[in-house]
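What follows is the residue order along each chain.
Number of protein chains: 2
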Amino acid sequence: MKANKLKTLLIKIFRKKGLNQTDSLICANAIINAELVGAYGHGLSRLKMYCDRINKKLINPKPKIKIKDISQSISYVDANNSIGFVAADIAMKKSIKNAKKTGIGLVAVKNSGHYGLSGYYAEQAVKKNLITMIYTNAPPAVAPYGSIKSLFGTNPICFGAPSGSKIPFILDTSISIINRGKIRFAARNKKKIPEGVALDKFGKPTTDAKKALQGVQLPIAGFRGSGLAWMVDILSGVLTGGNHGGKVKDPFDDFSGPQNIGHLFITFKANLFVKNFNNRIRKNIKTIKNLPKIKGVREIMYPGQNKYKRFKINSKKDIKISNLIKKDLKILEL
Amino acid sequence: MKANKLKTLLIKIFRKKGLNQTDSLICANAIINAELVGAYGHGLSRLKMYCDRINKKLINPKPKIKIKDISQSISYVDANNSIGFVAADIAMKKSIKNAKKTGIGLVAVKNSGHYGLSGYYAEQAVKKNLITMIYTNAPPAVAPYGSIKSLFGTNPICFGAPSGSKIPFILDTSISIINRGKIRFAARNKKKIPEGVALDKFGKPTTDAKKALQGVQLPIAGFRGSGLAWMVDILSGVLTGGNHGGKVKDPFDDFSGPQNIGHLFITFKANLFVKNFNNRIRKNIKTIKNLPKIKGVREIMYPGQNKYKRFKINSKKDIKISNLIKKDLKILEL
Chain W
255 MKANKLKTLL IKIFRKKGLN QTDSLICANA IINAELVGAY GHGLSRLKMY
305 CDRINKKLIN PKPKIKIKDI SQSISYVDAN NSIGFVAADI AMKKSIKNAK
355 KTGIGLVAVK NSGHYGLSGY YAEQAVKKNL ITMIYTNAPP AVAPYGSIKS
405 LFGTNPICFG APSGSKIPFI LDTSISIINR GKIRFAARNK KKIPEGVALD
455 KFGKPTTDAK KALQGVQLPI AGFRGSGLAW MVDILSGVLT GGNHGGKVKD
505 PFDDFSGPQN IGHLFITFKA NLFVKNFNNR IRKNIKTIKN LPKIKGVREI
555 MYPGQNKYKR FKINSKKDIK ISNLIKKDLK ILEL
Chain L
255 MKANKLKTLL IKIFRKKGLN QTDSLICANA IINAELVGAY GHGLSRLKMY
305 CDRINKKLIN PKPKIKIKDI SQSISYVDAN NSIGFVAADI AMKKSIKNAK
355 KTGIGLVAVK NSGHYGLSGY YAEQAVKKNL ITMIYTNAPP AVAPYGSIKS
405 LFGTNPICFG APSGSKIPFI LDTSISIINR GKIRFAARNK KKIPEGVALD
455 KFGKPTTDAK KALQGVQLPI AGFRGSGLAW MVDILSGVLT GGNHGGKVKD
505 PFDDFSGPQN IGHLFITFKA NLFVKNFNNR IRKNIKTIKN LPKIKGVREI
555 MYPGQNKYKR FKINSKKDIK ISNLIKKDLK ILEL
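Taken in sequence, the protein lines are chains W and L.
Numbers in the working numbering are just positions in the first sequence, counted from 1, shifted up by 254.
Numbers in the working numbering are just positions in the second sequence, counted from 1, shifted up by 254.
Chain W with its partners taken away, still in its complex shape (with noise of 0.2 Å):
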């Protein structure tokens, strides 16, 4: 389906939810990016869910959501439910706005939802010169190093920072060895995992996504991962008012509540200090490209560069839709 085709269909399905039309679009905005840098995890594969939690009332579709200014550097948003793109997507403009005016803005997040990427929010930063550091946690999904039951979300670390060219660093890692989105793909397209990233419910290795889903998965570098997924529940939920310890709700499965995810937005702009930004991080990368390579390595990529890559693929291509998914948007679009 054409880019185009699928964003007027997703803003009908939200707009049918509810949704008005400058959030439906941020919706399908959001969504469509997913599934152009290929992170299906995070795209239309969640498009049901989102509507689900609409219909059971645990994402509000016309949310009143409160900006509080702290200082004109600090702000706090209560999203009042809304769907997690909507409240993401104005506390990034807000943090970007603080940014521009005092050097610096953090802003937190309570009561909102999952936002899809990171990285997707850092871009808009970035492009004003900015660099960005965000948090939001998860579901349970990793245990805590000594632990065997789940706890931390995936909880992501995301930075993004201007890179001298156009296509813009951005780190968007999970703290699980691989993301929870990409094992949700494989389960329900009955693919399997690779091994040594996650436990079934029992506690044994498994490559059966499924499982995998009811178990529990690894942390990247047992304490120390454990230890930023732990920082990452503190910073978006602890500090927050969010949801934290475990208590954000799996959307897919759990409608006993609303998620109430907590965000935050740490930007500042990238010349506070050399006025010369852009060309130190040029030469950083450059200097980084030029070292020798392992055999069979042609280019050493910096974080964000494969994903803005399969974006430029993608976009001149029909967006692929699979008869799952062609299934939900019959459906939802009725």
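Hints may contain errors.
Chain copies aren't distinguished; within one or between two, either way the pair holds.
As the list claims (entries may be wrong) - Computed list of lysine to aspartate or glutamate pairs in EDC-like fashion (alpha-carbon distance at most 20 Å, straight line): (1) K570 x D323; (2) K355 x D323; (3) K549 x D454; (4) K354 x D323; (5) K261 x E587; (6) K529 x D323; (7) K256 x E587; (8) K529 x E449.
Derived by calculation from the structure, the hints in this document are not laboratory data.
Bear in mind that the values here come from a model prediction, so they are computed numbers and not experimental data.
Go by the hints and put chain L onto chain W.
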């Protein structure tokens, strides 16, 4: 040796090298803290190196450190090639002051040197009920993903937060599988290093600490760890005006110029958005500690807890000093 006796001795040595009393005390305290928490690679094993660099005028014992306030929240420190301890102490205090005044403090440092443990400075902020994130780069030790040559330092990521108890939550993790300080310590004491953490200069796995120092350390989690190291290089080097892209000199081996390390300190109030942060974090930690444990695990520890325990135990005992260090101390004292 008793800690107090060691402190007097270290102050005497730094005074002899030209540092004033205040700065000598800052250095002595930081080094003794590293010994007490068991981070021997950041303690006395570096004393001779610092003195050598002062002798060769690569560390300035009488720096004119300039602090420029960019706003009430943001400050820029030119450390004038001071010893890293002194620059970090000034910057952390400034970051705390800015955060106390405006809610958030952002302080960048250039022309600094190795400052020991990030967590040591983080503790200062946490004691004032602040959350802090600290970044510093370091000499080449880790190969960027796809390359066979070291360029990134072990570039620690440090995060500190109040825990609601007297033991602060301090995550201080290098992005290499093990700290370079530990490899140096092993090399000095002719001990082996674990398998899978380093390659020799020919790209072959090694457990020989000396060969590992000449070779490449491996990052945690492949592309992800490499990306985190790159992020730290940008935040502490590219952004601040410090060296970056592999230009930070090894303080032990390279006497061709000052290190010009950069640091970044981000600090903000824990109670910015919620009034009961301490209750929330206490509950968060309690929930995680109560999870079912892996067989043999007595307690799920949060980052910083083990270090605190070691500090408490070691504080009651004499500080063990190896014969090698005793020799260093004797020569330096004269």
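We went through each hint and held it up to the structure:
{"no.": "1", "hint": "K570 x D323", "in the structure": "neither (42 Å within a copy, 48 Å between copies)"}
{"no.": "2", "hint": "K355 x D323", "in the structure": "both (13 Å within a copy, 16 Å between copies)"}
{"no.": "3", "hint": "K549 x D454", "in the structure": "between (36 Å within a copy, 17 Å between copies)"}
{"no.": "4", "hint": "K354 x D323", "in the structure": "both (15 Å within a copy, 17 Å between copies)"}
{"no.": "5", "hint": "K261 x E587", "in the structure": "within (12 Å within a copy, 74 Å between copies)"}
{"no.": "6", "hint": "K529 x D323", "in the structure": "between (29 Å within a copy, 16 Å between copies)"}
{"no.": "7", "hint": "K256 x E587", "in the structure": "within (17 Å within a copy, 76 Å between copies)"}
{"no.": "8", "hint": "K529 x E449", "in the structure": "neither (47 Å within a copy, 44 Å between copies)"}
Violated hints for the displayed structure, listed by number in ascending order: 1, 8.
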